[in-house]
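Undergrad: Sequence lines, in order, name chains A and B.
Each residue of the first sequence is one higher than the one before, starting from 1 at the first, in this note's numbering.
Each residue of the second sequence is one higher than the one before, starting from 330 at the first, in this note's numbering.
If you're looking for bench data, these hints aren't it; they were derived computationally from the structure.
Among the hints, a few may not be true.
Within a straight-line C-alpha distance of at most 25 Å, the following computed SDA-like cross-link-like pairs (lysine to any residue) qualify [as the list claims (entries may be wrong)]: (1) Lys579(B) - Met149(A); (2) Lys109(A) - Ile558(B); (3) Lys579(B) - Ile134(A); (4) Lys579(B) - Ser172(A); (5) Lys109(A) - Leu354(B); (6) Lys579(B) - Val65(A); (7) Lys126(A) - Ala575(B); (8) Lys579(B) - Pro106(A); (9) Lys579(B) - Val151(A); (10) Lys451(B) - Val65(A); (11) Lys131(A) - Ala575(B); (12) Lys109(A) - Ser572(B); (13) Lys123(A) - Lys579(B); (14) Lys109(A) - Pro373(B).
If you want the building blocks of each chain, they are given just below.
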Amino acid sequence: MTKLMEIDQLSIEFANASGPIQVVSGISLELEPGQTLGIVGESGSGKSVTSLSVMGLLPRGLARVAEGDIRLHGQSLLDMSESQMQRVRGNQIATIFQEPMTALNPVFKIGRQIRESIRQHSKKSKKEAHKESIILLSEVGISAPEQIMEVYPHQLSGGMRQRVMIAMAMASNPEILIADEPTTALDVTIQAQILDLMRKLQKERGTAIILITHDLGVVAEICDRVCVMYAGQIVEQGDAKSLFKEPKHPYTVGLLNSMPRFSGEMKRLQAISGQVPHPSEYATGCRFASRCPSRMDVCENTEPALYDFNNGHRCKCHLYREDTNVTHS
Amino acid sequence: MRYVLKRIAMMIPSVAGIIIITFILTRVLPGDPALMITGEQALPEFVDKVREEYGFNEPLFIQLWDYIKQLFKGDLGFAWHTGHSVASDFVSRFPATLELTLASMAIALVVAVPLGIVAASKQNSIVDHISRVLSIIGSSVPIFWLGLLLITLFYSKLGWLPAPIGRISGNVNPPTHITGLYVADSLLSWDMVAFKSSLHHLLLPAICLSMGTMAIVTKMIRASMLEVIRQDFMRTAKAKGLSGRAVIYKHGLINSLIPTLTVIGLQFGALLGGAVIIETIFVWPGVGNYVTESILSADYAPIQAMTLISAILYGLLNLIVELLYGVLDPRVRYE
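Generate the whole structure from the sequences, applying the supplied hints.
TA: Listed below in structure tokens is the structure:
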């Protein structure tokens with residue numbers, strides 16, 4: 001299959017009084033058309049920053065891409081001018097953010113905000129855009145779209161707002177939808193509805209989705225492929241099925257063990273001890289070493305290579321240095 | 330509507346307070362009005378007679394009671410130093426103050442709003458530094474000093490502007506009275522001579538008066554825009570593919586104007602009450618000048634009336650600001 005998007009050895013730095021701090025270090029991933037890719041990790045693992053860098057929305061002056069490349073259809077997004085990026089944003093790549101409460105402009109009616117998304121990338125008249133907005137709203141499961149067009153964001157519930165956000169994101173039929181924790185701020189029942197909706201839209205339109213979340217349950221439910229991020233690196237990635245069945249990295253194992261399960265015997269939930277280190281304190285060796293239950297001497301000072309298990313399942317851990325072939329360091 | 334009535338009703342206690350306090354304060358002021366009316370050379374019997382006639386020797390609370398009764402009849406009193414009723418003095422002088430206020434407000438906003446926005450959207454750029462320097466200057470330079478400086482420069486040295494006296498040159502006929510604002514009237518009646526003269530006269534006092542407002546509004550817009558820029562919905566707008574400028578002006582501007590509105594309203598109210606210093610320096614025949622004259626001649630009635638009027642204007646402007654909130658911000662609802 002052709003690659004829709006590739007992230008190649010991407011590193012992102014944040015400016016800091018005592019010099020730049022690397023918050024994302026050399027991550028590589030690929031996205032195929034229509035695929036759902038989950039990026040999982042704790043807060044501070046660099047997953048949101050990665051998504052912002054794809055959109056070219058890193059806070060200017062504060063964060064920048066230090067190394068690597070992001071390519072859409074083989075074309076580098078980082079080499080694009082701001083006006084070229086504006087044609088990509090909201091058109092080829094759209095985003096929905098975590099906080100539906102604050103992600104809509106409080107002083108404009110819903111209708112205006114959706115019309116704006118439509119008209120930004122097409123030459124449709126206001127009337128056409130209005131009609132299309134109503135269709136979009138009904139597609140995202142809003143039952144009285146004409147009325148919703150005329151209300152302000154604060155008059156809607158969180159779930160409704162997230163539907164509006166999705167309608168806005170789907171307005172120009174993007175190839176990639178980046179969903180940054182789209183369900184975190186919502187009630188559990190609403191979460192399920194929103195996930196169903198995203199799945200439905202993906203099936204209808206063939207949009208590829210990058211789903212950023214800390215919720216492995218959500219990933220298991222809708223993702224084809226998963227990247228597990230820890231401390232600014234991808235420590236493991238692979239097909240959702242094989243990754244959940246045979247997690248390789250001790251961190252992934254830890255994450256899975258810390259999830260409640262409804263089947264099987266009742267066991268105490270196992271938390272991963274310790275905390276995600278601050279980016280300025282990343283270890284020279286394996287960044288997970290200090291919290292790892294299977295730590296070895298080598299982990300201390302040598303950064304593990306990325307080992308490939310031949311089916312696209314890759315893991316960055318010294319445990320596998322004998323079993324497999326090194327792909328790249 | 331009910332909200333408006335309720336708010337107006339809420340103004341009553343504060344207005345009552347102001348009536349009483351200004352009444353007492355004017356009496357405490359040094360200076361014997363009877364002596365001022367009669368002149369210092371007058372015979373003591375005559376002075377006593379005047380004192381009797383005006384009721385100045387009644388007990389204070391009786392005088393207050395009489396004053397309140399008079400106010401309820403809608404009578405603001407008589408200004409003996411001009412020889413007219415206070416109401417007619419106010420009507421003839423208020424347009425001058427209004428013209429000055431509107432002009433200085435316009436100058437302030439035209440400079441402050443774009444400056445504040447650009448300063449915020451390009452934080453720490455040259456424009457941002459200029460905006461900060463300007464706000465410091467605007468809020469710290471004494472207005473009388475600036476007034477005199479501008480007069481020295483533009484009138485005495487350069488001779489670009491006419492003598493800073495009044496609203497229009499003595500040898501030019503004032504325009505036909507339509508709104509009472511000379512600049513507007515002369516434009517409406519297409520009297521270019523009067524327009525040029527009145528505009529020239531308006532320029533310096535308006536600039537002087539605008540400095541303070543300009544400084545505060547620039548600071549407010551900059552601060553609230555910086556706040557708004559960090560909001561999630563601004564990122565959403567960017568993610569839609571809008572240009573940076575469109576994001577700022579379409580999505581940011583209204584949101585950043587909401588908190589600034591309060592300041593603009595308060596400034597407007599303060600200016601309408603009469604810019605005492607500026608009107609005195611530029612011999613501007615407005616309310617501020619009138620108040621100064623009244624204080625100097627210990628003329629109680631106009632002092633009390635002008636304080637009362639400016640307090641009411643202030644209250645009404647605050648109400649207007651609150652109603653404007655509702656227009657700008659749909660989250661605001663009145664009940």
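Undergrad: All hints are to be evaluated individually against the structure, with a verdict given for each.
TA: A quick look at each hint next to the structure:
1. Lys579(B) - Met149(A): holds, 19 Å
2. Lys109(A) - Ile558(B): holds, 20 Å
3. Lys579(B) - Ile134(A): holds, 22 Å
4. Lys579(B) - Ser172(A): holds, 20 Å
5. Lys109(A) - Leu354(B): violated, 52 Å
6. Lys579(B) - Val65(A): Status violated; Cα separation ~29 Å.
7. Lys126(A) - Ala575(B): Since the Cα atoms of Lys126(A) and Ala575(B) sit roughly 18 Å apart, the hinted pair holds (cutoff 25 Å).
8. Lys579(B) - Pro106(A): holds, 12 Å
9. Lys579(B) - Val151(A): Cα-Cα ~18 Å, so holds.
10. Lys451(B) - Val65(A): Holds - the C-alpha atoms of Val65(A) and Lys451(B) are around 21 Å apart, at most 25 Å.
11. Lys131(A) - Ala575(B): holds, 24 Å
12. Lys109(A) - Ser572(B): holds, 20 Å
13. Lys123(A) - Lys579(B): Between Lys123(A) and Lys579(B) the Cα gap is close to 19 Å, so the pair holds against 25 Å.
14. Lys109(A) - Pro373(B): violated, 75 Å
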